[in-house]
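Protein sequence lines, in the order shown, are assigned to chains C and P.
Residues 1 to 177 in my numbering are what the first sequence lists, from first letter to last.
Residues 1001 to 1241 in my numbering are what the second sequence lists, from first letter to last.
To be clear, the hints were calculated from the coordinates, so they are not data collected in a lab.
In this text, a Cβ means the ideal position worked out from N, Cα and C, and glycines have one as well.
A portion of the hints provided could be inaccurate.
Short derived list, chain P residues pointing at chain C, Cβ under 8 Å [unchecked claim]:
| # | residue |
| --- | --- |
| 1 | A1085 |
| 2 | S1088 |
| 3 | A1090 |
| 4 | R1153 |
| 5 | G1155 |
| 6 | M1157 |
| 7 | A1220 |
| 8 | Y1222 |
| 9 | E1226 |
If you anchor each label on the Cβ, the simulated ranges turn out as follows [said to hold, decoys possible]:
| # | chain 1 | residue 1 | chain 2 | residue 2 | range |
| --- | --- | --- | --- | --- | --- |
| 10 | P | A1037 | C | K95 | 46 to 54 Å |
| 11 | C | P110 | P | E1205 | 23 to 31 Å |
| 12 | C | G84 | P | D1089 | 17 to 25 Å |
| 13 | P | G1155 | C | P110 | 33 to 41 Å |
| 14 | P | A1037 | C | G136 | 21 to 29 Å |
| 15 | C | L160 | P | S1033 | 20 to 28 Å |
| 16 | C | E80 | P | D1188 | 50 to 58 Å |
| 17 | P | G1174 | C | G84 | 42 to 50 Å |
| 18 | C | P110 | P | L1113 | 28 to 36 Å |
| 19 | C | R46 | P | D1188 | 45 to 53 Å |
Only part of the chain C face toward chain P is listed, based on derived beta-carbon distances under 8 Å [unchecked claim]:
| # | residue |
| --- | --- |
| 20 | I55 |
| 21 | E80 |
| 22 | M126 |
| 23 | T130 |
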Amino acid sequence: MSLARTLLGLLEDQPRYGYELKHLYDDRFGSSQEVKFGQIYTTLARLRRDGLVDIAAIESGGGPERKLYLVTPDGVADLERWLGEPEPAETYGRKALFSKVVLALMSGRPAHEILDTQRSAHLVRMRALTERKRTGDLADALACDFELFHLEADIKWIELAGARVERVAAELGEETP
Amino acid sequence: MIETEIGGNEERTSSSKGSLLIASDLHKRFGRSTALAGLSVEVRGGELVAVLGPSGSGKSTLLLCLAGIIPPDRGEVVYRGRTLASLSDATLTRLRRDEFGFVFQFGQLVPELTAVDNVSLPLRLAGLRRRDAATRAREWLARLDVDEVADQRAGEMSGGQAQRVAVARALVTGPRVVFADEPTGSLDSLNGDLVMNLMVGAAREQGTTVVLVTHEARVAAYADRELVVRDGMLAESSGSR
């Protein structure tokens, strides 16, 4: 799900071709794992079917057709909704959390709000784990600590991201082609 | 509990949810730097509130203003219906001694005194006889699981032991409010957990309100809710547990 929303975010400032989206995605969100062209085109097809993106133009020079994609108003609304919701405070939600914060920074949205909402969701989960640890046995304590330390690492990153918000937003804004 | 002239003798329970401490529009500057920029907060009786925020965000200044240790430049702090700024120095001193407890990052025990003498101090200052104060101090040391160092000097204890003694000293007078500034900041994770469990357990049992400043989310998770301070203002407050 986060790939689809991230593509919507990358299309927000201007229409782009599929290969452009792939390179931008790998550059900003891919970290060690590149996204495959197939994944980009399948996701774009699904977004188009759902009315969230559309084709602005088709170029057909000598080679294969090149489609220029744009995000529709429904697509922007979907993106807004996703950015405003906290990710589940679980260890596997991390990739989406990262994408959300970077997208918010790139698009000039109030990243502090996203960070605050996420920190709040994390702390709700952490309070529940702390309570379980207090009332449970040693096995509970070990399992809860494992999750608590990982959630705390997320929050530390959230704090750091918050502290860097303005500077990073300025840098990303300048770089976006 | 030792009573001061500020208040009566009403029963405290963890379910008492009226506002105990209300800070309105607090401003505080130190030279050119702004520590608090219009911060308002309410703390209910019996609740545990964590104050989170990056270094320099104003969270420790907030704690010092709430505890009446430093006055705000503007705005006011109302404790149990009385504005702290309206109290005389003597009343404020008694209030801090009798109704407030303090825990800091580095215990701040008197190194030459034993654990018992350190914990007895606030009771002796309040006029209790030495023997009575020592008996009560030993009870609290046992409760915080540091009775084995009761007769050791503070300077001879480990960090975790010293911090538990500091918690005992903060709670021994049966304060209404404990102000804790980074109470686990100098401890490893295991000792930090131990101190938090004991402090929070004792506070909940007594219906003591706790205002806890920390930069650690795991420590904040012991509280009922968090207040996030950024640039001297409140960023967000979560719901209760």
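Next item on the list: Identify whether the interface hint at P:A1220 stands, where standing means a beta carbon of chain C within less than 8 Å of its own.
Entry: 6 Å, holds
Check: Given a hinted range of 33 to 41 Å, is it respected by the beta-carbon distance of P:G1155 and C:P110?
Finding: Once the Cβ atoms are compared, 50 Å apart, the range 33 to 41 Å for C:P110 and P:G1155 is violated.
Checklist line | C-beta pair C:E80, P:D1188: status relative to the range 50 to 58 Å that was hinted | finding: For C:E80 and P:D1188 the Cβ distance comes to about 43 Å; the hint is violated.
Check: Within 17 to 25 Å or not, the Cβ separation of C:G84 and P:D1089?
Finding: 50 Å, violated
Item checked: Hint validity - P:E1226 Cβ closer than 8 Å to any chain C Cβ -> 6 Å, holds
Notebook entry, point to check: Can the hint on P:Y1222 be confirmed by a CB-to-CB distance to chain C that is less than 8 Å?
Noted result: Hint on P:Y1222: holds, closest Cβ of chain C at ~6 Å, below 8 Å.
Note to self: P:G1155 was flagged as interface toward chain C. Is the shortest Cβ-Cβ separation under 8 Å?
What the structure shows: Status violated, d = 32 Å.
Check: Under the criterion of a CB-CB separation shorter than 8 Å, is P:S1088 in contact with chain C as hinted?
Finding: 40 Å, violated
Checklist line | Restraint check, 8 Å cut-off on beta carbons, for P:A1090 near chain C | finding: 40 Å, violated
Checklist line | Satisfaction of the P:M1157 interface hint, Cβ to chain C closer than 8 Å | finding: The hint is violated - P:M1157 has no Cβ within 8 Å of chain C, the shortest such distance being about 25 Å.
Check: Is it true that the C-beta distance of C:P110 to P:E1205 lies inside 23 to 31 Å, as the hint says?
Finding: Given range 23 to 31 Å: violated, Cβ gap about 42 Å.
Checklist line | When the least beta-carbon distance from C:I55 to chain P is tested against 8 Å, hint result | finding: Check failed: Cβ of C:I55 comes no nearer than 41 Å to chain P, outside 8 Å.
Checked against the numbered hints listed earlier, the structure breaks hints 1, 2, 3, 4, 5, 6, 10, 11, 12, 13, 14, 16, 18, 20 and 21; every other hint is satisfied.
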